[in-house]
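Order-wise, the sequence lines are chains A and B.
Residues in the first sequence are numbered from 17 upward in steps of one, following our numbering.
Residues in the second sequence are numbered from 19 upward in steps of one, following our numbering.
Treat the hints with care, as some may be off.
If the Cβ cut is set under 7 Å, some of the chain A residues that face chain B in the computed set are [as the list claims (entries may be wrong)]:
1. 28
2. 31
3. 49
4. 78
5. 81
6. 90
7. 98
Listed next, the stretches of chain A that the computed footprint assigns to chain B, with coverage defined by at least 3 CB atoms under 8 Å from CB atoms of chain B [stated by the list, open to error]:
8. 21-27
9. 58-71
10. 82-88
11. 116-129
Computed footprint of chain A on chain B, listed as stretches where at least three residues anywhere in the stretch have a Cβ under 8 Å from a Cβ of chain A [stated by the list, open to error]:
12. 29-35
13. 43-49
14. 60-74
15. 80-93
The hints are simulated quantities; they were obtained by calculation from the structure and are not laboratory data.
The beta carbon of each residue, even a glycine, is placed where N, CA and C say it ideally should be.
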Amino acid sequence: MITEIIISLLLVIGGIFGLVGSLGLVKLSDPMARLHVPTKATTLGVGSILIASMLFFALVWGVFSFHELLITLFLFLSAPISAHFIAKAYLHSYSRADKVPPTGTGAPWGTYGKDAAPEE
Amino acid sequence: MITYALYFAFGCFSLALLFNLYRVAVAPVMTDRILALDTMVINVIALISLFGMLMGTTVYFEASMIFAMTGFISTVAYARFMLRSDVIE
Numbered sequence: 017m018i019t020e021i022i023i024s025l026l027l028v029i030g031g032i033f034g035l036v037g038s039l040g041l042v043k044l045s046d047p048m049a050r051l052h053v054p055t056k057a058t059t060l061g062v063g064s065i066l067i068a069s070m071l072f073f074a075l076v077w078g079v080f081s082f083h084e085l086l087i088t089l090f091l092f093l094s095a096p097i098s099a100h101f102i103a104k105a106y107l108h109s110y111s112r113a114d115k116v117p118p119t120g121t122g123a124p125w126g127t128y129g130k131d132a133a134p135e136e
Numbered sequence: 019m020i021t022y023a024l025y026f027a028f029g030c031f032s033l034a035l036l037f038n039l040y041r042v043a044v045a046p047v048m049t050d051r052i053l054a055l056d057t058m059v060i061n062v063i064a065l066i067s068l069f070g071m072l073m074g075t076t077v078y079f080e081a082s083m084i085f086a087m088t089g090f091i092s093t094v095a096y097a098r099f100m101l102r103s104d105v106i107e
């Protein structure tokens, strides 16, 4: 009984997180704000679905499978890399070195190279 | 109870896929399309896992593993193509 409650709770939480992640992709106005929603919320949603699946097969069916851990590890490793590439593509296509906020350390933004350094 | 939670999660991720499809069709900037396709891949991985739970087999996890790898490679390739107008230099 308690395992059913835990698995159902994880499934519902994962579904809500996935829905919120994709809703933010439609609803938010700024492109960089739209970038941060799915990469966080959807990864969390899929992670909780996969944990629920692992618990389901281990406790209800009695079969332990490592595939979910592999998929979770791969998603958690690859999501920041793809988000970094998308942010870089946005910065170089739709933004310029004088439109981004200052870094706060005096150094220029690394992605725009040395030419974008502010004049001292 | 698990069956009802499964159907709820199916509904949530299907609605999320519809939102992503709208964002692929109507995008203010080009990076939104890459992002929406990446999110679609992640949502489809969740749907495949949920379907495996509903059927009670672990066969579908290989499919979602391959889908995760292909989605990551295609996202990186699309972003590289936008950045450098070339995938492999």
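*Can you give the numbers of the hints that this structure goes against, from lowest to highest?*
3, 4, 11
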